[in-house]
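As given, the protein sequences belong to chains H and Y, one line each in that order.
Quick note on my numbering: the first sequence kicks off at 1 and runs consecutively.
Quick note on my numbering: the second sequence kicks off at 1001 and runs consecutively.
Read the hints as simulated data drawn from the structure, not as lab findings.
Treat the hints with care, as some may be off.
[Stated by the list, open to error] Derived CB-CB ranges, DEER-like:
hint	chain 1	residue 1	chain 2	residue 2	range
1	Y	Y1109	H	S264	16 to 22 Å
2	Y	M1116	H	S264	43 to 49 Å
3	H	N143	Y	Q1131	32 to 38 Å
4	Y	Y1109	H	I282	19 to 25 Å
5	H	Y13	Y	L1110	17 to 23 Å
6	H	G201	Y	L1072	17 to 23 Å
7	H	G104	Y	D1052	45 to 51 Å
8	Y	L1110	H	P187	42 to 48 Å
9	Y	K1184	H	G104	30 to 36 Å
10	Y	M1116	H	W70	22 to 28 Å
11	Y	I1076	H	P156	39 to 45 Å
12	H	E247	Y	I1075	45 to 51 Å
13	H	I186	Y	K1191	49 to 55 Å
[Said to hold, decoys possible] Computed footprint of chain H on chain Y; a stretch qualifies when at least three of its residues, placed anywhere within it, have a C-beta under 8 Å from a C-beta of chain H:
hint	segment
14	1078 to 1091
15	1095 to 1103
16	1262 to 1269
[What the hints assert, rightly or not] In silico DSSO-like pairs for lysine-lysine, Cα to Cα no more than 27 Å straight-line:
hint	chain 1	residue 1	chain 2	residue 2
17	H	K103	Y	K1100
18	H	K105	Y	K1262
19	Y	K1180	H	K6
20	H	K53	Y	K1191
21	Y	K1180	H	K11
22	H	K3	Y	K1262
23	Y	K1100	H	K7
Just so you know, even glycine gets a beta-carbon here, dropped at the ideal spot from N, CA and C.
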Amino acid sequence: MKKAVKKRYLKEYAWGYLMILPLVAGLSVFYFYPVFKVIRDSFFDVGAFGKSKWVGIGNYEKMINDATMWQALGNTFKYVIMIAPITIIIALLLANFLNMKIKGKTFFRVVYFAPSITMAAAVAMVWRWLYNGDYGLFNYILNCLGMESVQFLTNPKIALFAISAVSIWSLFGHNMIIFLAGIQGIPQTYYEAAAIDGANGIRRFFHITLPLLSPTIFFVMITLLINVFQIFDTIYMMVGEKNVAMEASQSMVVYFYRNAFIFSKKGYASALAVFLFVIIMIFTVLQMIGQKKWVHYE
Amino acid sequence: MRKRKNGGYVIVYVILISGIIITILPFLWMILTSLKTQSEAVQIPITIFPKDWKFENYPAVFERVPYLKMYLNTIISSVITVMAQLIFCSMAAYAFARIKFPGRDIIFYLLLAVLMIPSSFFILPQYLIIQKMGLLNTIYALFIPKLFSAFGTFLLRQFFMALPNELEDAARLDGCNHFKIYLKIMLPLVKAGLVSMVIITFKYAWNDLMWPLIVNNTPEKMTLSAGLSYLQGQYVTDYPVMMAGAVMAVLPLLILFIFFQKQFIEGVAAAGIKG
């Protein structure tokens, strides 16, 4: 009898291991191993043909003294500070509107969502054309209004803002949908009670919707921040290698990409990847700690 | 009171409609430019509608770059990625949610850790592995590391966990093994999760830029995303042809979205809430 029970358990275990095996094997090769590999490589000088030479903390030393890296990091923070809050506010506002009794809800929802499924490379290409300094639609409109043309993408002072606008355009719809689902999950009774108390729409938003939606807002914030910290596609497509605004607009991931695959400095690029990871981790942990102050779980 | 309420609604509509204009404008400009001649596209004052509709820009894309090849590469790698993830992730998700075995939770936490790490962290070693395998500049390079996903597993596990135990117990009494329970009973019940995963994965695979850019450099082996950057780099000045390329690259996903908008929107919402 005991033997039979034991056998049944072993069989159970075997099924468990068997069913996770393909996934775990794949993740081990392409995700678990790379974690160690990238940390190891950050202490090496990795040449073009895979030959590597131990340099200790050389790459990190170089990184700390690399003004371009600090600028790229600063740019990344600027992207995060601009894109994340504006995207969240727009998404929240629109989600709230689409939860009201309005006509054409489906139409609005579908159109707003469209940018977030559109290929970033294509989006960036179109916006680059809209921003064009000589023939772009935006400058044409500015000229018609009697204003000077703006070099949106080649002026180092402006490029970063122009890129942020494109990112917000492609991100808000996705997050709006998540907020809308969250709002619809709030029990109607709260609003009915508030209506009896005579609370108007704006008060209802701040006193019911916002606190009850805070777990969703927290989730969106975490994922959005991790994404924006890694902004790449838009910058890569809109700012070319020869653009004078490159250093003023490149993010950490763009700088990482250029080091790894254009300048062929894979060891240094590994150090950059490790550094970026540490920064994202710190921010995620800070948010996890900070959430206790403002996120209300029922 | 009533009047004020209506006034509020007017503001809401004004904001919503301005939002629509801003959202649609780039799409519209992309299509309109793709139908102009190059000289009309760069002419001042700007014309909004093309004087003569130049549909030839579309076939021209196929002459400039191996666009058909890029299309096929994108379709093949996206479909294989989705199928593989569906199989591997759902199977593992079932085991993590429904079977007790030693080490299960530790392995699952490792998986969650992968989920927290930014993708740029893995990309360099992944490239070196593909290089070691001798697969750089092949179609396999486009999808091999993408076949396994911690995100998909995590998402589906949430769906499997929500199912009641009774179903499983009854099947066990009938002598079904775990694989049979997974395939015949549980999988059909987590359809919403599967749809959500397929949509998110397909969208990501179709649009991804950095990975194809890194592993493949000949145009014949590129995806549409990387191909567009190639098109842009080569013919900087021919805007209508570039826009025609962009229109064709985004069209398949947009058409799918229009037909399956309910599934798209619910899928994203489900992933947002379950995550």
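Taking the hints in turn, this is what the structure says about them:
For the pair Y1109/Y and S264/H, the supplied restraint of 16 to 22 Å is violated, since their beta-carbon distance comes to about 36 Å. Remark: the range hint 43 to 49 Å for M1116/Y to S264/H is contradicted by a beta-carbon distance near 30 Å. Between N143/H and Q1131/Y the C-beta distance comes to about 50 Å, which lies outside the given range of 32 to 38 Å. The hinted window of 19 to 25 Å between Y1109/Y and I282/H holds, with their beta carbons roughly 20 Å apart.
About 18 Å separates the C-beta atoms of Y13/H and L1110/Y, a value consistent with the hinted range of 17 to 23 Å. The hinted range of 17 to 23 Å is not satisfied by G201/H and L1072/Y, whose Cβ atoms lie roughly 52 Å apart. Roughly 35 Å separates the CB atoms of G104/H and D1052/Y, a value that falls outside the hinted 45 to 51 Å. In this structure the supplied range 42 to 48 Å is violated for L1110/Y paired with P187/H, their Cβ-Cβ distance being about 37 Å.
A beta carbon spacing of about 43 Å between K1184/Y and G104/H contradicts the range 30 to 36 Å that was offered as a hint. A C-beta distance of roughly 25 Å is found between M1116/Y and W70/H, which places it inside the suggested range of 22 to 28 Å. In this structure the hint that I1076/Y and P156/H lie 39 to 45 Å apart at CB holds, the actual value being about 41 Å. A C-beta distance of roughly 38 Å is found between E247/H and I1075/Y, which places it outside the suggested range of 45 to 51 Å.
Look at I186/H against K1191/Y: about 26 Å separates their beta carbons, and that is not inside 49 to 55 Å. Counting residues of the segment 1078 to 1091 of chain Y whose C-beta lies closer than 8 Å to any C-beta of chain H gives 4; at least three are required, and the coverage claim holds. Three residues within the 8 Å Cβ limit are the bar, and the segment 1095 to 1103 of chain Y against chain H gives 6, so the coverage statement holds. Requiring three or more residues with a Cβ within less than 8 Å of a Cβ of chain H, the coverage given for the segment 1262 to 1269 of chain Y holds, as 4 such residues are present.
A distance of roughly 50 Å separates the Cα atoms of K103/H and K1100/Y; the hinted pair therefore is violated under the 27 Å criterion. With a C-alpha separation of about 13 Å, the suggested pairing of K105/H with K1262/Y holds against the 27 Å cut-off. Proposed proximity of K1180/Y and K6/H is supported: the alpha carbons are some 22 Å apart, at most 27 Å. Note on K53/H and K1191/Y: the hinted pairing is violated, with a Cα-Cα distance of about 51 Å set against a maximum of 27 Å.
Using a Cα cut-off of 27 Å, the hinted pair K1180/Y and K11/H holds, with the two alpha carbons roughly 14 Å apart. At roughly 52 Å between alpha-carbon atoms, K3/H and K1262/Y are farther apart than 27 Å, so this suggested pair is violated. For a cut-off of 27 Å, the pair hint linking K1100/Y to K7/H stands: about 14 Å separates their Cα positions.
Of the numbered hints listed earlier, those contradicted by the structure are 1, 2, 3, 6, 7, 8, 9, 12, 13, 17, 20 and 22.
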